[in-house]
Each structure stands twice: as structure tokens, then as C-alpha cells.
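Student: Here's the letter readout for the chains.
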Amino acid sequence: MKLNFWSVLYIDEREEEEATPDIGEYIHDLNFDLLADAIFGRDDKYKDIFFTPLRNEESILYRLDFLKDLENPQLFSSLEKFHQKLESSLRKLHLVRKLDYKIHKSLWFLESTLEYADAINSFLSDVENGRYSSKALSLLIEHVSIIKTSSLFGEMERYQKRLKDSLDKFAFLVHIKESRIEVYPYENLNEVKGEAEKLFSFLDFEAEKVEEPELFVLSGTSRLESRILEEAFKYTSGMSKKLQDFYTKFQNFFDDKLEKFVREFSYYIKLRKFFKDISRSYPVSIPELSVDKTGQFQNFYNVVLAHKVQCFGVKVVTNNLYIDSDEKIFVITGPNQGGKTTYAKALGQIMHLIRIGSYIPASYAKGWMVSKILTHFEEQEDVKENKSMLEKELYRMRDLIKKADENSLVIINEAFSSTTLEDALFISKKTLVILKEKESLCFWVTFFYELAGEEDVVSLVSQVDKNSLKRTYKIVRTFPKGKAYALPILEKYSLTYDDILERMKNNELAQGG
Amino acid sequence: MNLLRVDDKDLAVLNKEVFDDLGVDVLVKSASENDSFVREVFKEVLLSPASSVQEIRYRQEILKDALKNEEVVRSLYEILTNILEGKRKRYLAVFGRYPSSLVYGSYRLLNYFMESFDKVIEIKEKYSEKFESAGFRELFSWIDEVSKRRDRIESFLETISFNKGYSFKIGVGAGGLFSEVTPVIDERTGKLSRFFRKRVIHIVPGDEVSERVVFEIKERGLYDLSRVLSKITKTFLKTLENLRFSLAFLAGALNVHKKLNGLGYAVSFPKESSCFYFEELFDPSLALLKPSKVVGNSLSIRKSLIVITGANKGGKTIFLRSIGLAQLMFQSGLFVPAKEYKAPVFNGIFSHFRKEEDERLQRGKLEEELKRMKNIVDLLRPRSLLLLNESFSSTNEVEGTEIAKQITYALRDSGNFVFFVTHFARFKGMACSEGAECLSAEVLKDGRRTFRIIKDFSANSCYGRDLFRRIFEEIEVK
Chain A
1 MKLNFWSVLY IDEREEEEAT PDIGEYIHDL NFDLLADAIF GRDDKYKDIF
51 FTPLRNEESI LYRLDFLKDL ENPQLFSSLE KFHQKLESSL RKLHLVRKLD
101 YKIHKSLWFL ESTLEYADAI NSFLSDVENG RYSSKALSLL IEHVSIIKTS
151 SLFGEMERYQ KRLKDSLDKF AFLVHIKESR IEVYPYENLN EVKGEAEKLF
201 SFLDFEAEKV EEPELFVLSG TSRLESRILE EAFKYTSGMS KKLQDFYTKF
251 QNFFDDKLEK FVREFSYYIK LRKFFKDISR SYPVSIPELS VDKTGQFQNF
301 YNVVLAHKVQ CFGVKVVTNN LYIDSDEKIF VITGPNQGGK TTYAKALGQI
351 MHLIRIGSYI PASYAKGWMV SKILTHFEEQ EDVKENKSML EKELYRMRDL
401 IKKADENSLV IINEAFSSTT LEDALFISKK TLVILKEKES LCFWVTFFYE
451 LAGEEDVVSL VSQVDKNSLK RTYKIVRTFP KGKAYALPIL EKYSLTYDDI
501 LERMKNNELA QGG
Chain B
1001 MNLLRVDDKD LAVLNKEVFD DLGVDVLVKS ASENDSFVRE VFKEVLLSPA
1051 SSVQEIRYRQ EILKDALKNE EVVRSLYEIL TNILEGKRKR YLAVFGRYPS
1101 SLVYGSYRLL NYFMESFDKV IEIKEKYSEK FESAGFRELF SWIDEVSKRR
1151 DRIESFLETI SFNKGYSFKI GVGAGGLFSE VTPVIDERTG KLSRFFRKRV
1201 IHIVPGDEVS ERVVFEIKER GLYDLSRVLS KITKTFLKTL ENLRFSLAFL
1251 AGALNVHKKL NGLGYAVSFP KESSCFYFEE LFDPSLALLK PSKVVGNSLS
1301 IRKSLIVITG ANKGGKTIFL RSIGLAQLMF QSGLFVPAKE YKAPVFNGIF
1351 SHFRKEEDER LQRGKLEEEL KRMKNIVDLL RPRSLLLLNE SFSSTNEVEG
1401 TEIAKQITYA LRDSGNFVFF VTHFARFKGM ACSEGAECLS AEVLKDGRRT
1451 FRIIKDFSAN SCYGRDLFRR IFEEIEVK
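So the protein sequences, as listed, match chains A and B. Just so we're aligned, residue 1 is where the first sequence starts under our numbering, counting upward by one. Just so we're aligned, residue 1001 is where the second sequence starts under our numbering, counting upward by one.
The hints are simulated quantities; they were obtained by calculation from the structure and are not laboratory data. Nothing here was measured: the structure is a model prediction, and the numbers come from that model. For every residue, glycine included, the Cβ atom is placed at its ideal position computed from N, Cα and C. Certain hints may be false.
[Unchecked claim] DSSO-like cross-link-like pairs, simulated, lysine-lysine; straight-line CA separation at most 30 Å:
#1 A:K193 to B:K1342
#2 A:K193 to B:K1290
#3 B:K1365 to A:K193
#4 A:K198 to B:K1371
#5 A:K193 to B:K1164
#6 B:K1198 to A:K177
[Said to hold, decoys possible] Only some residues are given here: those of chain B computed to face chain A with a beta carbon under 7 Å:
#7 G1105
#8 F1140
#9 E1145
#10 S1179
#11 K1198
#12 I1203
#13 G1206
#14 E1216
#15 T1235
#16 E1442
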């Protein structure tokens, strides 16, 4: 009987088959490479899942619903235990393949099946009275129940018990002299320790304290142990045959869907762990999907930065943003190091995390599914080659725009800085017009505050505290003050235009006068 | 099994000055007879006196046995010394972290002990009948236990030598892991092994991995056994060490006894009583030093504050010392330097002697004295003995009297015995009429000192009244 398809990651077969990671510049530009490393370490297969955008809203909701179920601590703990046991059973199964000797193989095989059965039984009893709502989880539970009630599983359990009972009673003798090991059938012989205790009972030695000697633990997988077992089992009446038969009969006991579950759930475990860590200091939530291209982001922040500065006791600033359905282009200006790029990256991170059905770094976020994320970040190249740099950049921008559509997210950071101010402005304005036509959602970080004044553009400015002149890293909708914000700091150091003129005059007077 | 049964819980407390104040070193030295171990032991036991009557009686019985069988005890001491010295010289010890090292170490040490034990068993066979005390009876019964099991122990030692290899019972657990590896006694190997069906695995020379696994199986298997053997060996060793310790003490006691008897002094085994009573009590340290015979004191004291006054160098300090030493010896289970001696058993014995050099009146010295007194009070346990020699004399009589009164009365009233040698006449007068026992150094009519301490009737309030009644009785009756 072919069991129905299911997966805790993908809503249907097609989604799974067509799953392709979206590899683009955005991964590096938005620091997703660092984020993926932080969450998954070196494991590429999980990173593939992490970078694969889902096809439609249903697929995203499939995952988000599952995440909501995981918020229930009992459910999560049952799933975690189930996962651990299945993983352990699989490890033992792999071990079986590596061993040469039949007895040893069949013994580890038995152990693997025992763990598998225990995993299934415990899981079903754990979730018996649980409340859950996601389709993914219901399908999983249904699938596990079908396995449990299958005749194969029942037979396996009965067989296991008989074998385990015999094994528990089994023992044998060895006699070791130098490099010669003799294996004997078991006989009830006196233990040396018992003899010592009886003989010296008159000494009253029990209470004496002695130092703990080193306790050696055997690996259970060495060739010598295999050989010894092989010989020892020859003394058993048919137990080796029973073990081998068991191995042959139930060789493929491990359900392949459950094997898939082990891989898929590992993904969730790692994702959840990362965000749980972050949630100790910052808000984390499960996003909502918007159907009308309106967006709402409350207390959002750049999660890569937050993760990076965790150890330094510094706190990353959060921001809020509302996007109306007809707002597409956002120009972000403000003083250097004011958090503009961080802000733009944060929004990019959130939109990607939404499209893969993940937790997001915000107290609340509602966004829509973007199919493409296109970024254009200033390249840190040698400034000497000015001419070719601009050309390269223009080509890059052109390619980007060609790909952009109404379901794209475009993030531009400090473009065209390798040419004259006039030229840069000209090119930028022209680019803006094209982007508007494409109707992509766009965030453009620039120091050309003139762009902020263009038509149909939302101006966001990073704020500076009036008194301390310190950056607040808060970015709000407002008009750029242009030169104005540069002034107070120049006044502080007497470096305004007037200041310098006056000083020059004084110097001249002092010298010449 | 411990011959002296020194139990840490039931010891009397002393202050550290006792050793010097009472002149303990002379006694200890004469007990040692050039054996430094005996000297150490004798000193240690003497300075940790028991505070339980049972413990004291128990030891007295042992000592009585020893006195009756001096040669046997001395031989036994020598044998034990040789056994333990031999162990040291051969570097036999149980050490190491690997179970196999511990097993091997135990094997060698137990083997050595069993070999050397023959002489001990011989002594028991020949002389055990002659001993009556509970302590020695227990010792000989312990020796008997060992002797009874000799053969079995020998064959057991052969087993744990593992000369013929290791036999283990192996139980199988999850995945074929050896869940149990237990050493068993397999009689058949070596003789009949070739007739029993067995399967053999040979490890190829150079197969380091398998050699390592064999090593691990052995060590794993020996773990429990090694712990048990360590305990057994350690206990055996401790028992022998305790025995040597106890015998050293007895040897010391025998030495002292011999010397004192040789000098013509009478010693006896004291009894517990609620008051002091003694006949011919002398200072043993002085006796052992002086060529001529020292004076003995005989008194019956019914009070617990005893004030001793009188001429200088009249024997007061010596008297104090003799009480102190007698009490230490009593509570260590020894005989005492007296023809008869009855006294309480104390929970603490303290001395507070004036320092010889400090004859001047200085404020600082008084504070030093009071500090020492405070240390004593801090250590004090109910029912203690305090020996005060010219205490508080570093200040004037008025102040000293008041201090002495407060302190000695407090000590007496809280259930302690206080012997106080002093020059404060005013204090003497007051104390003697308020319930203290007053003694003084005897001076004959011609002015000669006898160095004896006698009751001071002049201070006794009852005496005065008695005298009045006697003299005026004639008149009243008429």
C-alpha cells in the first residue's frame, strides 16, 4: 500500500519536486550567508531549504501553521524526543552496514528496531491528548498511527520481545591468556569478588574508603568483540539463526517517510533554536501574510546584526514601518553610519524569511510573498578604475531592472558613487522612473537627498538627536533637511563656512597687520 | 579490631601547655627506651586521655595482662615492627588507577602479610590462654580467624595472581555490547581445558587494535574486584598498624613500670570515684630523675575547689604535677604513681601555670595570663580538672584576689575541680571559710620542710568552731 505523500516542509509533491534554491547576490548583500551559517553551521542541505522560496501563500501557511504548533512546549518536546530516537535508530542502522560479522550486525540491528518501536510508541502516547491545528502535524500523526497499526509493525514487536528475553538471559565465558582467547559456554561458576567478600568478612572492610579506579568502557563495535560474539553464539541453540532471520525479515523496517521526517525536522529544530536564542533579548514572531500588497512591520531589526552583537551587551535599535498598497519606492537618506543600510537589510531579511515560512525578527509583521529579491550594493573595489567601475555598475543595474517585476523586492545601497554628482543624480533619477513602472517594492539607500523629493517616492530619514548629535538609528517618514543636519556639528568645531572665513581673516590680520 | 580502642569521640580535652607544665616529657622519655616510635605513641596516647570509664577499665585490663606476660607482649611488638618495616623496605603498596595495578598490588601485599603472619600465629598458639582481658581475647580471636582461613586465603591469592590467565563471565546487552564482565573462578583451566569444547581466537602479533580491546576487556572486568581488594588490603594493613601502635604503648607502659618498681616505688591501678583519695601519691617524672626517693602525699579531699598555700619550694608545684600526671595516666588506662588512687574521670584537663621568668608585676603579663585563661575556658567541657599554679600573681594582691575569686568560684560552681596554688593569703582566708579545701606545704615545728602537703586546719572554719566547742564544753556542761 503506497501511503499518501506528506512532508512537514512541503505542502505537496509538486512543491517538493520543484523546490529550487534562489541563489543570487542578495544572499551576500543582505548577509544571509552569515545568517545561514549561524543557524545551520556547515550543513548545505539545510541551507538549500533555507534559500528555497515557496510557490504560493498556501505553502507558506503550511509551514507557519506548523511553527505555531511548535510553540506549544509539550508538543515540541514530544516531537523532539521522537526525532532524537529515530535519529539514534538510524545511526545504529548505519553502523550495521559497517560491521562485518553477522552476529554483531544482527545484534545492532535488533537494537535499532527496538529504538524505532519505542520512538513510535512513545510519540503516539505523548500526543494522544494534544491539541494541534497544523495540517503538517495531523498528517504526521496519522502516518505514524498507520505504521503502528500495521501488521508488519506488530509482528516485529512480538519477535523483538522474544529475542530480547532470550538475550537478557544469555551469557558465556572467556579465558584470556596473553593473546589467546578461549570462548566457553556458560557455566555457573563462583565470582572472584564474592569469594573475596566471604573470605575476608571478618575484616569489616566495607566502610573503608578507597580511590576510584579508572572505568573502561568498550565500544561495542570492534572486530575483536565481533569475533568473540560470533564464537559465543555458536553455543546457543539456534539463537544466531533467529537473530539472522529477524534481520532478513525486517531489513527494511524503517519507514522512508519517517526517514525524511528526521531530516526535515532537523531543519525546524535548528531554525527554532536560533530564533529562541534571539528572542531572549529581542522580539520574535510568526509572520502574517498580506494579500493586498500592504505591509506592516513593528519593532523590526536586523537579525544578523542582533546575533553578532549579542555578546557585547549592545542593543540593536528597532523600527516600525507601514507600507500602503500604492507605496512602492522608499528613499532612505540621513547621516553616515546612521543605520540606513542596516534598516534596508532588515526589511530584505524579513521579506525573505516570510517567503520561506520562517520566524521573523519583529514583534509583528505582515508582508506579502515576493518572488524575487534583487540587490545592488556598492562594490568595495579599487577606486582607481573609475571609468570601468561606472560601466560595470550600469550593466549590473540594467540586468537587475530587467529581472524586476511587481512581485520583486529591490534593495539598492549607495549606487553610482564613482561618478560626478550631477551624473550620478541624473542616472539615479532615470533609474527611479523605470523602477516605478515595474511596480517593484524598492528600498534605495543614498546620500542624494534630492532623490527623496522625487514624485511618488516615500522619504525615510535616519534621525539624529538634536542635543547630543548622536545617531538614534530610528528611521522615520520625513523630509530630509539637506545641508541642515550637517551644520550643528560644524558649529561645534567652529568649522562652518563663516567660521573658517573669519579665522582666515584673523590669521591674515595677525600675520600681516 | 583495635587493641587500644581509641575512639576519637570519647577523649578528654587538654590545653597545649599541659605537656610542659606537668613535665610529661620525662615520663615519655623513660617509656621510650630509645625506641622513637614508642616515644611518639606513648606521648600521643598520654595526651589524648579517655573520658569514659569503660574505655579506661578496658585498657587497664589489657595492661594488667601485659604486665603478667611481659615477654610475650614485647615479642609481639617486635614481630609487628618487622612486618611493617619489611613492607616499607619492599615498596609494597596498593596504588595506581588501573584496576589491574590495584589487583596486583593487593595480591603482593596480602601475600607478604600472610607469609609474615606465621610468627604471629605461633604466639597465639602458645600464649593466648594466659591472657584474660577483653582486648587481648579479641586480638587472639582475630588472629585465629586469619589462621583458620590460611589455606583458603592462600588458594585465593593464587586465583588473584591470575598467573594462568583471566576467566570472565560475559553478559550481552544492547547491540552485543558486553553488559557484564565478571571475573570467575574457573577450576578447569590449565588441567582439563583441552577436553572441554571451546573455541579459540588468536590475536595476530602486531594487531594493536585488538590488543587494546583485550586490555580494555580485562580492565573493565577487574574494576569491581579491584575496589574490593583495595578495601580488604587497606583494612588489613590498618589493623596491623593499629596493633603495632597499641603494642608500642604497652611496651612503653611496661618500661615505666619496670623502672618505677626498680626504684622502689609502689604503683597501682586507680578507681573512679566522685572525690579525690590517694595514698603515697608522688611525681613520677621527678622520681625518674632524682637519685633519692621523693616524698609521697596521702589525702582525702571532699571538695572541688582546693587551695594550696605555704612556703616557697615546699612541694606545692610538685604536688600539682603529681595530681596532673596521675590523672593523665589514669585516663590513659595506665597505673598511677600511688599506692592507692581514687578520683573522678574528667572531660578536660587544663593547666595554668605562672611563667617562671615573669616575676615582675606588669600589666601586660596579667593580660597574657588572662588570655591564656580565656583559651582554657573556650576549650572547657563540663566536669574538667584545672590545675592553677600561682595564677594572677602578676598583679597586686587586692586585684589578684578578686580575679582569682571570680574565676575559681565560677569554675567550681559550674561543676569543675580546681586545684589552686597561691600566695594570696586574703583569698585563702576567704575561700577556706566559704567551702574550699585548704592544704598547705608542711613545715615542722623546727622549721624544716617535709615537702608534704597536708590539710591546713588553721583555715578550716569547722576546725575553729570545733575547737571552741571542745574547750567551752566543759563550761557549758557545768
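Student: Does each hint hold? Answer for all of them.
Tutor: Status of the hints after comparison with the structure:
no. : hint              : result
1   : A:K193 to B:K1342 : violated, 53 Å
2   : A:K193 to B:K1290 : violated, 61 Å
3   : B:K1365 to A:K193 : violated, 66 Å
4   : A:K198 to B:K1371 : violated, 57 Å
5   : A:K193 to B:K1164 : holds, 18 Å
6   : B:K1198 to A:K177 : holds, 14 Å
7   : G1105             : violated, 11 Å
8   : F1140             : violated, 13 Å
9   : E1145             : holds, 4 Å
10  : S1179             : violated, 9 Å
11  : K1198             : holds, 5 Å
12  : I1203             : holds, 4 Å
13  : G1206             : violated, 10 Å
14  : E1216             : holds, 5 Å
15  : T1235             : holds, 4 Å
16  : E1442             : violated, 56 Å
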